[in-house]
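Q: For reference, the chains in residue letters:
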Amino acid sequence: MTVASQVKQCVASLKNVEATLNHFAIQSQDREAANIFKDACLTTRRIVVDLERRVGELEFEEPQYKGF
Amino acid sequence: MPVMPGWLEVVVRSGIAVILLLFISRSVIRKSLAQVSYFEFISGIVLGVILALGSINLAIPIAFPLLGLLVWGISPYLIGWLTIKSARFRHVVYGRGIPVIKDGKILEDNLKKERYSSDELLKQLRSKNVFQVADVEFAVLETSGDISVLLKKDYQPLTPKDMSLSTAPIKEPETVVMDGKILDEPLATVGLNRNWLELELEKIGVAIENVYLGQVDSYGQLTVDLFDDKLKVPAPQEKPLLLATIKKCQADLEIFALETNNEAAKQMYTKHAQQIEDMLKKVTPLLR
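Here the protein sequences come in this chain order: A and B.
Under numbering that gives the first Met the number 0, residues 0 to 67 are what the first sequence spells out, in order.
Under numbering that gives the first Met the number 0, residues 0 to 287 are what the second sequence spells out, in order.
Looking at chain A on its own, in the form it has when it is part of the complex (with noise of 0.2 angstroms):
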C-alpha cells in the first residue's frame, strides 16, 4: 500500500468520524452533551481539510498511483 492511498484511507475514517460525530451532535437531548459533540465534529472537517490537500500534495508528487 503506498503512501497516499493510507492517507487516503485515514481521510475516508475521519469523514466517517464527522458524520457520525455530527449525527449524535443533533440527537443528544443534553445542551452540553450535544455542543462538545458539535466542536468535535468541526475539529474533525479541519483535519479532513489539512489531510486531503496533503493527498493531493502527494498525488503531485507520484502521479502513477492516482485515483486508489
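Treat the hints with care, as some may be off.
For each label pair, taking beta carbons as the anchor points, the in silico distance ranges come out as [as the list claims (entries may be wrong)]: (1) Ser147(B) x Lys37(A): 54 to 62 angstroms; (2) Glu56(A) x Gly179(B): 32 to 40 angstroms; (3) Ile25(A) x Gln236(B): 17 to 25 angstroms; (4) Pro62(A) x Asn194(B): 40 to 48 angstroms; (5) Lys170(B) x Ala11(A): 29 to 37 angstroms; (6) Ile25(A) x Glu119(B): 53 to 61 angstroms.
Think about it this way: if two alpha-carbon atoms lie no more than 27 angstroms apart in a straight line, the pair counts; the simulated DSS-like pairs of lysine-lysine are [what the hints assert, rightly or not]: (7) Lys14(A) x Lys270(B); (8) Lys14(A) x Lys238(B); (9) Lys111(B) x Lys37(A); (10) Lys111(B) x Lys14(A); (11) Lys281(B) x Lys37(A); (12) Lys14(A) x Lys265(B); (13) Lys246(B) x Lys14(A); (14) Lys37(A) x Lys152(B); (15) Lys14(A) x Lys247(B); (16) Lys160(B) x Lys37(A); (17) Lys101(B) x Lys122(B); (18) Lys101(B) x Lys84(B); (19) Lys238(B) x Lys160(B); (20) Lys202(B) x Lys14(A); (21) Lys170(B) x Lys37(A); (22) Lys160(B) x Lys281(B); (23) Lys281(B) x Lys14(A); (24) Lys37(A) x Lys270(B); (25) Lys246(B) x Lys37(A); (26) Lys84(B) x Lys122(B); (27) Lys127(B) x Lys111(B); (28) Lys37(A) x Lys122(B); (29) Lys37(A) x Lys238(B).
To list a few chain A residues with every Cβ distance to chain B over 10 angstroms, as calculated [what the hints assert, rightly or not]: (30) Ser4; (31) His22; (32) Glu31; (33) Ala32; (34) Phe59; (35) Glu61; (36) Tyr64.
FYI, nobody ran anything at the bench for these hints, they're computed from the structure.
In this text, a Cβ means the ideal position worked out from N, Cα and C, and glycines have one as well.
Got chain A sorted already, so can you dock chain B onto it with the hints?
A: Frame of chain A; chain B shown alone:
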C-alpha cells in the same frame, strides 16, 4: 313514601358508600401507607368504620353517617392545609425529627425522651446497612419512627466526583415502543419519527410486532426488549465504534508523522494528532 325492603336499602347504602369512598380516597394526599402520620391513619380507619356501619346498620338514619363522614373527611384535609401554612402547627401535629447521633456520639437523653431503646436503634441502623455506630456521623429519628443516617465521609460510597472523573450528562430515556405498538408522542419529543424507528429496527433485524418495549436514550440510541427472549439483540455499537475509529485515526496520523520526510507535512500530522488527542479527552466520557 313506600318503605324499601331491608335488602334493597343495604344495596343502595353500600352503593353510595362505595362511590363516596372512591371520591374520598382520590382527594387524600399522595402518600404511601407507610408514610402517613398516626392521625391520618386513624382518621382513615374511622372513615372506613363510618362507611361500613352506615351501609349495613339500617337502624341508623342515613343522615348520621353522612354527617360523621363530612367531619372526619374534612378535618384531615383542613389540618393538612394548616400544616402547610404554619410551621409551628406542623411541628405540634406531626412532631419533628430528633437527632439521636451527633458527631459520631449517641445522644442518650434524646433516645430516653423518645422511649427508643438501644436495641431498636441498632436494628434501625442495621436496616440502613450500618453495623457499627462509630461509622455514623449524624442520625435523626424521624417522626415516622425511621432513622435517617449520614455516614462519615470515608464510609460513604465512592462517587465519580470523589474520583474527579468526568461523566456524560444524562437525560431521561423515552419509551417509544410498548407491546409492539409505536408511541408517536414520545418519539416526537425526542425529535424522531416512525421512519427513523423502522430504520433502526431494520438495522438490528427485528420486526416491530416482536418488540415488547423500546426505549431511546438521550443520545438517540435505541434499546429494545423482545417478546421472543431466545433472540439475541445486539447492544448499540455506534458509540464504541466511533471511539475506536477516532483512536485509530489518531494512531494513523502519528505513524504518518514518523514516516514522512517532508518537514511541513510532519508538522501538520503532529499538530492534527495532538488535536485529535485533545478531542478524545473531551469525547471519551460521552462515548463510554
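Q: Now look at each hint and say whether the structure bears it out.
A: Hint-by-hint comparison with the structure:
Checking the proposed 54 to 62 angstroms range against Ser147(B) and Lys37(A) shows it is violated: the Cβ atoms sit about 43 angstroms from each other. Restraint check, Glu56(A) to Gly179(B): a C-beta distance of roughly 56 angstroms breaks the suggested window 32 to 40 angstroms. Here the CB-CB span from Ile25(A) to Gln236(B) is close to 19 angstroms, well matched to the stated 17 to 25 angstroms. Taking the beta carbon of each, Pro62(A) and Asn194(B) are about 45 angstroms apart, inside 40 to 48 angstroms as hinted.
Take Lys170(B) and Ala11(A): their Cβ atoms lie about 33 angstroms apart, and the range 29 to 37 angstroms holds. For Ile25(A) and Glu119(B), the Cβ-Cβ distance of about 57 angstroms falls inside the hinted range of 53 to 61 angstroms, so the restraint holds. For a cut-off of 27 angstroms, the pair hint linking Lys14(A) to Lys270(B) stands: about 18 angstroms separates their Cα positions. With a CA separation close to 16 angstroms, the supplied pair Lys14(A) and Lys238(B) stays within the 27 angstroms bound.
This hinted pair does not check out: Lys111(B) and Lys37(A) have alpha carbons roughly 62 angstroms apart, beyond 27 angstroms. Distance check on the hinted pair: Lys111(B) and Lys14(A) sit about 72 angstroms apart at the alpha-carbon level, beyond 27 angstroms; violated. For the suggested pair Lys281(B) and Lys37(A), the alpha carbons sit about 11 angstroms apart, so the restraint of at most 27 angstroms is met. Proximity of Lys14(A) to Lys265(B) is assessed by CA-CA distance (about 21 angstroms); at most 27 angstroms being required, the pair is judged to hold.
Taking the CA atoms of Lys246(B) and Lys14(A), the gap is about 14 angstroms. The hint holds against a cut of 27 angstroms. Note on Lys37(A) and Lys152(B): the hinted pairing is violated, with a Cα-Cα distance of about 38 angstroms set against a maximum of 27 angstroms. Taking the CA atoms of Lys14(A) and Lys247(B), the gap is near 13 angstroms; set against the 27 angstroms cutoff, the hint holds. For the given pair, Lys160(B) sits about 25 angstroms from Lys37(A) by alpha-carbon distance, which is consistent with the 27 angstroms threshold.
Pair hint Lys101(B) plus Lys122(B) holds up; C-alpha atoms about 18 angstroms apart against a cutoff of 27 angstroms. The suggested pairing of Lys101(B) with Lys84(B) is violated, with an alpha-carbon distance near 30 angstroms, which exceeds 27 angstroms. Pair hint Lys238(B) plus Lys160(B) holds up; C-alpha atoms about 23 angstroms apart against a cutoff of 27 angstroms. With a CA separation close to 21 angstroms, the supplied pair Lys202(B) and Lys14(A) stays within the 27 angstroms bound.
Between Lys170(B) and Lys37(A) the alpha-carbon distance is near 18 angstroms, which keeps this suggested pair within the 27 angstroms criterion. Distance hint between Lys160(B) and Lys281(B) is fulfilled; the C-alpha atoms sit about 17 angstroms from each other, no more than 27 angstroms. Between Lys281(B) and Lys14(A) the CA atoms are separated by roughly 19 angstroms; this keeps the pair inside 27 angstroms, and the hint holds. For the hint pairing Lys37(A) with Lys270(B), the CA-to-CA distance comes to about 20 angstroms; that is within 27 angstroms, so the pair holds.
Straight-line distance between C-alpha atoms of Lys246(B) and Lys37(A) comes to about 18 angstroms, which keeps the hinted pair within the 27 angstroms bound. With a C-alpha separation of about 35 angstroms, the suggested pairing of Lys84(B) with Lys122(B) is violated against the 27 angstroms cut-off. Between the alpha carbons of Lys127(B) and Lys111(B) the distance comes to roughly 22 angstroms, so the proposed pair stays at or under 27 angstroms and holds. As the CA atoms of Lys37(A) and Lys122(B) are separated by approximately 53 angstroms, the hinted pair breaks the 27 angstroms bound.
Of the pairs offered as hints, the one joining Lys37(A) and Lys238(B) holds, with about 15 angstroms between alpha carbons and a cut-off of 27 angstroms not exceeded. For Ser4(A), the non-interface assignment is confirmed: its Cβ lies about 12 angstroms from the closest Cβ of chain B, beyond the 10 angstroms cut-off. Distance check for His22(A) against chain B: the nearest CB is about 8 angstroms away, which does not clear 10 angstroms, and the non-interface claim fails. Distance to chain B contradicts Glu31(A) as a non-interface residue, since its nearest Cβ pair spans about 5 angstroms, not more than 10 angstroms.
Under the 10 angstroms C-beta cut-off, the non-interface status given to Ala32(A) relative to chain B is violated; the minimum distance is some 5 angstroms. Phe59(A), annotated as away from the interface, keeps every beta carbon of chain B farther than 10 angstroms; the closest lies near 12 angstroms. Every CB of chain B is more than 10 angstroms from the CB of Glu61(A) (nearest about 13 angstroms), matching its label as outside the interface. Residue placement check: Tyr64(A) keeps its beta carbon more than 10 angstroms from all beta carbons of chain B (closest about 16 angstroms).
In this structure, the earlier hints numbered 1, 2, 9, 10, 14, 18, 26, 28, 31, 32, 33 are contradicted, and the remaining ones agree with it.
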